[in-house]
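Student: Line by line, the protein sequences are chains C and Y.
If you're matching positions, the first sequence starts at 0 in the working numbering and goes up one per residue.
If you're matching positions, the second sequence starts at 12 in the working numbering and goes up one per residue.
A couple of the hints might just be wrong.
Reference listing, derived: stretches of chain C covered by chain Y, where coverage requires no fewer than 3 residues with Cβ under 8 angstroms from a Cβ of chain Y [what the hints assert, rightly or not]:
id : segment
1  : 106-120
2  : 124-136
3  : 172-182
A few chain C residues facing chain Y, derived, Cβ under 10 angstroms [said to hold, decoys possible]:
id : residue
4  : L21
5  : L29
6  : S30
7  : S42
8  : G68
9  : L74
10 : P201
11 : T203
12 : T205
13 : A207
14 : K230
15 : P233
16 : H245
17 : R247
18 : Y249
19 : I254
Footprint (simulated), chain Y over chain C, 3 or more residues, beta carbon under 8 angstroms [to be verified]:
id : segment
20 : 31-41
21 : 155-168
It is worth saying that the hints were derived from the structure and are not from the lab.
All C-beta atoms, glycine included, are put in the ideal place defined by N, C-alpha and C.
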Amino acid sequence: MFEAKLIQGNLIKKIMEGLKDLVTEANFDLSPGGVSLQAMDSSHVALVALMLRGDAFENYRCDRPRSIGMNLVNLSKVLKCAGNDDTMTLKADDTQNNITLVFESQAEDKYAEVQMELMDIDSEHLGIPDNTYDAIVKMPSAQFSQIVKDLSSIGDTVTVSVTKDGITFSTSGDVGTAHITCKQNTSMEKEADHTTVNLEHPVTLTFALRYFVTFAKSTSLSHQMSISLSKELPVMVEYAMGDMGHIRFYLAPKIDDEESMDDS
Amino acid sequence: MEVDVGEAGRSWPRPPLREFDPARDPLVFQQLEVDYTNEGRKAVVRMYGVTEEGNSVCTFVHDFEAYFYIKAPMGFSQDDIDALQAALNAHPVAAGFNVVRIEQEMKSNVWTYQFGQLSPFLKIVVNIPQAVTKFRGVLEGGGVVANGIVLENLTTYESSVLYALRFMIDSGMPGASWVELPAGTYSLVPEGSHQTTCQLEAKVRYDSIINHPPEGRYSMLAPLRILSVDIECAGRKGQFPDPKLDSVIQIASYITVQGQNDAIVKNVLTLNSCAPIVGAVVESFSTERELLLRWRDLMLIADPDVIIGYNICNFDLPYLLERGRTLRIDREFEYWGRQKQSRIRMRDSKFSSKAYGTHEYKEITIDGRIQLDMLLAIQRDHKLSSYSLNSVSAHFLGEQKEDVHHSIITDLQNGNAETRRRLAVYCLKDAYLPQRLVDKLMYMYNYVEMARVTGVPMSYLLTRGQSIKVFSQILRKARSRNFLVPNLKKMGQTDGVAYEGATVLEAKQGFYENPVATLDFASLYPSIMMAHNLCYTTLVPKHRVNELPPGDVETSPSGDTFVRTSRQKGLLPDILEELLAARKRAKADLKIATDPFVKAVMNGRQLALKVSANSVYGFTGATVGKLPCLEISSTVTAYGRQMILQTQEMVTKKYNRSNGLEQDCDVIYGDTDSVMVNFKVKDVKRAMDLGKEAAEYISQTFPKPVKLEFEKVYYPYLLMSKKRYAGLLWTNPNEADKMDTKGIESVRRDNCLLVRQVVTTCLEMILMQRNVAGAVEYVKNTISDLLMNRLDLSLLVVSKGLTQNAETYENKAAHVELAKKMRKRDPATAPGVGDRVAYVIIKAAKGARAYEKAEDPIYALTNNLPIDYQHYLDHHLAQPLTRLFEPILGNNAKELLQGSHTRSISVSTPSAASGGIMRFAKKTATCLGCKTPLVKDSVSPLCGHCQPREAQILTSLLAQVNDLESHFGRLWTQCQACQGSLHQDVLCTSRDCPIFYRRKKVQKDLGEVKVQLARFPDW
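Okay, chain C solo, but in the shape it has when bound (with noise of 0.2 angstroms):
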């Protein structure tokens, strides 16, 4: 049996916000410890990797680990009968292929009990090893979503560059060429609004910048985000959720001449 209550339903909304234009079916690993997700997008250019704490929850029973599968595009259609003030509750049955999802309002007036169909999902389970990076920033979610907003007008990649002063963003395109740099500034009242640069080494890398407009729907997730670069490896994105856990997108570098398909 598995069974877990929100108080704020509303979170897996926002979730789903940031999963469903990465990853339309995947399976949920539900153990005692938590919920997690790891699942690649289908161009196996970007990985996610998503973590609920058990503890995150008002209740959580898991009484074996359990991987469900499901297709999030169904799941945020089911979730649309969530108030966003709804508290939810997630409940799946092991001998089962369902899941029901219950929706309470806070005033207790309104009750809604839905059941989905679980999907058979058989894939490999992927994630990327937990590595040191050479560069991590941290800066307000908001800003970082507006500016790859403003840049994808522009260019089809993103130069990210990070040095001690701090971020650079650069791309180029038909219109011209844009850089948008953030310097590191902590002179904010609230921490959330700092932006700080964590250099070991200075480093600059080529993304496909439609990723991170995708992954920029998770801004609402959380105040302040991070980016962690290093040679050689794909950029980790991350949106911590306090102590309930955390949403994090993996992108492969891009090289020159190779995966033509996401020069679009």
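Model the placement of chain Y on the given structure of chain C, informed by the hints.
Tutor: Okay, now just chain Y, sitting in the frame of chain C:
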């Protein structure tokens, strides 16, 4: 040229010639090719042929004159005629050409009804055939002045008839017929002074030749010699062989004699040593020069009448010739035609025809030998998904062949005698298969019969379009009835003059589970032309309609007027009547024939007659053709439309309850020449009786020979939309004949095999087994297999031809982009211009364009790229399946594409080599029982929860491995059998072969399962 045939060439020569006395023995032979040459200032027709004994003959026909006609101006006197002759001969273009004489003849123009009048025409006889073109140009253009009369911008008549064809028409000689030179009328050329390689050479006057109509013994085929050839070249890596650089390393030749089963020569010439091959003669040479010259000797001694092969016209033959030039031996090499003094000629040419489209090709003239390229022939006559020799053979012969990619041919050549033997076996097979195709598809019979029926030499059938065949018949008929055919000025490409085509009655979609009767008009268009006497010669110009009594003319629904048969019979109806009568006779002969050769001849003939009868209508409508007349073609379709509507009306009026029948009948569909009637009866017999009765009843109302026939009943009948239906066809009430389908996704090449397979199987289950539930189940299982990645990749491969260089395409198309991508990866194996690019659709980033998702199937397979099954479901299967099941299940048809069977999927993991994030991702071990990720460094391949089931999981894995291993073993054996050797590695990478994909896939699956199995600790 004296040739030493040697031991290896013992079987080459033709049968020896018996004693021959021209004064006593007539010379009888089947003529196969007719051409001409100019000897001095005179043209000589050359007829090549073969006698009953198999001896080759070339007859030189003398004294046949070339000529054309113009209409004589009013009051043109003999004096004027002389002046015209003088004026033409004095014209600047006349250098070397002259008008021999001009005769006045009374003739009639075929163009429009001439009110039975003959008018004076001038027959301008010239010295050589080329002069026709010159003087025609003069008279059609600037003109000449004769006795003060200006002759310019005239219409010329019979002036675009090729000289050889002119000769055949005037002697009443059809194509490929038997001719006789009676004893005493001809002379033999002594052997020492032969101009040709033929065994017999005869000279004869054109009017001494006797033509034998193709009947009785003269319907048979002479023992022709057919040579099938294939060459191999040593290409450089990544390049298509170029005759300037790459040598010819092997030539295989197969010679068969028409009517005999076994080849008389199986020969392969190789460069460098080659191990012996059982059943074939291998000759090895140390230089390419010797190799080529030896092949020339083979041609000269074996003296084949027909040269066949696969793609010989565009590859093998031009390559040999150009190679000869590169080696600078062309002065010796290029003489393997039948004329000893004449080289093989080659030029670039273009063949355009409405029916076959435009093809660029090399026109090669080999005097006296017919070339029959099976690739071109099959492309013309059959619609197939792929035209590689491999898949064509698989389709028609049920035989596969090893497909050695041209990039490894050089490696085999550079190996040892054994590897070259391997190549030689492959080369021989490539020569053998075209021969088998010719036999199996009866090409010799069918082409000979087509030549006989339409009266053109055999070589015209392949190198010229449809229209020459009809044109030849019109010329013959016109000549016999004193008509002349004008040389119309080319109208050019006038697409704007489209006329209304055939009618299609609206299809009442549905699944009819009771017999549906089909009423067909037999040979609709020909019979309309006959019934209404439609012809050039019967068309009355609009302004002259009033001059005729109304009873003598008939105005068609399209508003054109033609005279009735009673007044004057048209040429076309005459031709058609003869064709159809001949077909009836051929069919009757076919029925009583017992000899398989006679049967083949008769079948070929009836087919040729049918095709010819049907192409007359098209000829009149071909605006770029020789003699287009839209009045005729639009009248034909107008009558056709009227007749379909009339039939519909009559059936519904007669067969209803008010006339005492069980039910009101319903016309559910009608197209061009057929009407489908649902009499709503349960019994097949009853439906047949009603159908017969209706056909007879309605036929009476149409003029003869239009006949509505009842031929068949469909039961059950699945009508999807117009031009799309399927049904079980019954011609007798006891038992269904077969399944008949139209417009169903089965032949379209941009469909993958999966669609064809699913649709065919569904139709079989629905119609033959009457098992709709089973069909639904089958579809669900197949979709589930697709989603679970259990299907063969070969089922998903789509192919498209690369018609030009990939860089020059303007639009981005899947196969073009893929070709570019493949060139970057490995130019050696990338498809080039003219190749078909095979691809599968793989998953790509969201919003990726379709052309970005195409991938080489073999690359996808080896790198384990996930297939975009949703694409196949949405773009390939959804439409055909919905169409198929909508009439049966109604709205429930959607269930098929969305039900619970779509909820189990398998996503393969791409290999690290395929790039992207896969270079960094690591696989986490998961439980083999329930797929839950395992704790790091877990020794057991199972999670704690699944541990109790360990034995069960292990045995099922073992079973899988065994299963796959034996499967792989079987496939491997199959490929070994196909390559003809059990001791060597399989090299074949045929992208057309389903076994190849299956073998690759099983190999990979096996690897994966073995990895899983290895995770269990050893005991």
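Student: Establish whether the coverage given for the segment 172-182 of chain C by chain Y is satisfied; the threshold is a Cβ-Cβ distance below 8 angstroms, and no fewer than three residues must meet it.
Tutor: With 0 residues in contact (Cβ-Cβ under 8 angstroms with chain Y), the coverage given for the segment 172-182 of chain C is violated.
Student: With chain Y as the partner, please determine if H245 of chain C meets the hint condition of a C-beta pair closer than 10 angstroms.
Tutor: Given a least distance of 17 angstroms, the restraint on H245 of chain C is violated.
Student: Once the shortest beta carbon distance from L29 of chain C to chain Y is found, is it less than 10 angstroms?
Tutor: Cβ of L29 of chain C sits 8 angstroms from chain Y, so the hint holds.
Student: Taking the closest Cβ pair, is L74 of chain C under 10 angstroms from chain Y?
Tutor: 13 angstroms, violated
Student: Against chain Y, is A207 of chain C within 10 angstroms by beta-carbon distance?
Tutor: For A207 of chain C, the interface hint holds, since the closest Cβ of chain Y sits about 8 angstroms away, which is under 10 angstroms.
Student: Closer than 10 angstroms between Cβ atoms is the bar; does T205 of chain C clear it against chain Y? Give me holds or violated.
Tutor: Violated. Min distance 14 angstroms.
Student: Is the shortest C-beta separation between S42 of chain C and chain Y less than 10 angstroms?
Tutor: OK, holds: S42 of chain C within 10 angstroms of chain Y, min 4 angstroms.
Student: Are L21 of chain C and chain Y close enough, Cβ to Cβ, to be under 10 angstroms, as the hint says?
Tutor: Where the cut-off is 10 angstroms and the nearest Cβ of chain Y is about 8 angstroms from L21 of chain C, the hint holds.
Student: Against chain Y, run the beta carbon of K230 of chain C and see if the smallest gap drops under 10 angstroms.
Tutor: 13 angstroms, violated
Student: Against chain Y, is P201 of chain C within 10 angstroms by beta-carbon distance?
Tutor: The hint is violated - P201 of chain C has no Cβ within 10 angstroms of chain Y, the shortest such distance being about 21 angstroms.
Student: Given P233 of chain C as an interface hint, is the shortest Cβ-Cβ distance to chain Y below 10 angstroms?
Tutor: 5 angstroms, holds
Student: Would the stated hint for T203 of chain C survive a check requiring a Cβ distance to chain Y of less than 10 angstroms?
Tutor: Violated, because the Cβ-Cβ distance from T203 of chain C to chain Y comes to roughly 18 angstroms (cut-off 10 angstroms).
Comparing the model with each earlier hint shows violations of hints 3, 9, 10, 11, 12, 14, 16, 17 and 21; every other hint is respected.
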